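Participant: Sequence:
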Amino acid sequence: MVTPTTVLSQLLVSISMSLILPEDCNGCDEIARDWDCSLHLPLWVPQTEKASIEEHLEEWTEQLKASGADIASLAVSLKKPLRPLWISQRTVIWLNEVPHHDSWDFTPIILVSASSSSNGVSQHNRTTSEFSWNYIPGAGDDEESWSRGLTPPLFWNHVYDLINSGPEMCNQKVADIVEKSRVRRAYRGENAPQIRVKSISHEEPSLASDVSNIEVDANESSEDFEVSWLGSTNLAVGASQLATDVADVDCILNCDSESISVSLPSEEAYLHLPMVSSKFDRFSLFNNLSKAVSFAKFNLSQGKRLLILCNNGEDISVCVCLAILMSLFDEKGTFDDGESFNTAHITKWDMRRRLVFVCKFATNARPSRGNLRQVFNFLIGGKCILQPQEGDRSDE
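Heads up: the sequence shown runs through residues -27 to -1, 1 to 369, numbered per mature numbering (1 follows the signal peptide of the UniProt record, and there is no 0).
To be clear, the hints were calculated from the coordinates, so they are not data collected in a lab. What you are looking at is a predicted structure, and each value in this text was computed from that prediction instead of being measured. Quick reminder that beta carbons are idealized off the backbone N, C-alpha and C, glycines included. All clues given are correct.
Listed next, the in silico DSS-like pairs over lysine-lysine satisfying Cα-Cα at most 30 Å (straight line): (1) Lys38 <-> Lys333; (2) Lys153 <-> Lys252; (3) Lys321 <-> Lys305; (4) Lys252 <-> Lys264; (5) Lys264 <-> Lys333; (6) Lys333 <-> Lys52; (7) Lys321 <-> Lys264; (8) Lys53 <-> Lys333; (9) Lys321 <-> Lys23; (10) Lys277 <-> Lys333; (11) Lys270 <-> Lys305; (12) Lys305 <-> Lys264; (13) Lys321 <-> Lys333; (14) Lys333 <-> Lys305; (15) Lys52 <-> Lys38; (16) Lys305 <-> Lys38; (17) Lys270 <-> Lys321; (18) Lys270 <-> Lys252; (19) Lys321 <-> Lys252; (20) Lys23 <-> Lys53; (21) Lys252 <-> Lys146; (22) Lys23 <-> Lys52; (23) Lys333 <-> Lys252; (24) Lys23 <-> Lys38; (25) Lys53 <-> Lys38; (26) Lys321 <-> Lys38; (27) Lys333 <-> Lys270; (28) Lys277 <-> Lys305; (29) Lys264 <-> Lys277.
For each label pair, taking beta carbons as the anchor points, the in silico distance ranges come out as: (30) Lys38 <-> Asn350: 27 to 33 Å; (31) Val219 <-> His29: 41 to 47 Å; (32) Lys305 <-> Val219: 22 to 28 Å; (33) Trp77 <-> Glu141: 32 to 38 Å.
Produce the entire structure from the sequences given, and follow the hints as far as they go.
Facilitator: Structure representation (structure tokens):
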């Protein structure tokens, strides 16, 4: 059995092993010569599973090297191998007893479990009493179901306030922070939807206390939305909130649910294809990718710069951009009007390599598994995209 715990451990070992002797990094072997790149797993992982993982480490390391990831840059910045540490709700850490990180012989990756804490009794795992938490598959995958509107930037901006609020007041503190941020974004004319969370029986509904006295600072920066240009491809991805401020754009493909007002040379330079996440419609991307790729082909063939937008610039726009790259560009990232795609047999490995290329530039990319699956299904059966007259099959 392979769990997310072991998957992450083997990934970090593969990364560390691949950093030891990267071919294009002069002097990196001196840095990594004394690295401990052995596999480190939690105590609850059986020895048989550990042995099975170790048999594949060399193979996975070679796959990582072949993925196109920028290993050399990582090797220059890292001075120690990577190793995961697991933190659960019952983990006790005495801060005055933690050694300074400079004295550690590894670079820690701190993992916080989103699974439920163990009470010593479990129908699924009778041995959990010796560990501190019960593994719940997918517990942390859908942050919208448990984050209560809190985003990473908001968390880090208020991390000590949240910690000091304690378990009893944490949800109320989160609600206050999220609502104040929403009011500030609305004041600046940005997208600021009302956050709704399900109230829990033993606590008060999570509504902000009093936002009428909020001091709105117009100069305070909002979340870090940005436009990411993908090298020399003339493709970019970003959040729809930024469309009016982006320069050097010839055409826009808007995948957000709402249309936007933009200033472009012609009406044909803007296409609105509303798409939603696979959580709400399993075929939303699949049914729109044909039109999206045809629009991109028409504009890119004329040397135009195309910006692809979605609500947050992290998921749907990245997936659409991935489909365009796979369909209209060769392995080197050069536009070829679909010639290489016509003769290629697309595999998940091909798509993974191209996604690595996208993530080199779009560092905030977080494409969901369901949306990536739609892209792959489109690519393996979507050669009709190069024939626009046959491409519109959204009703099938």
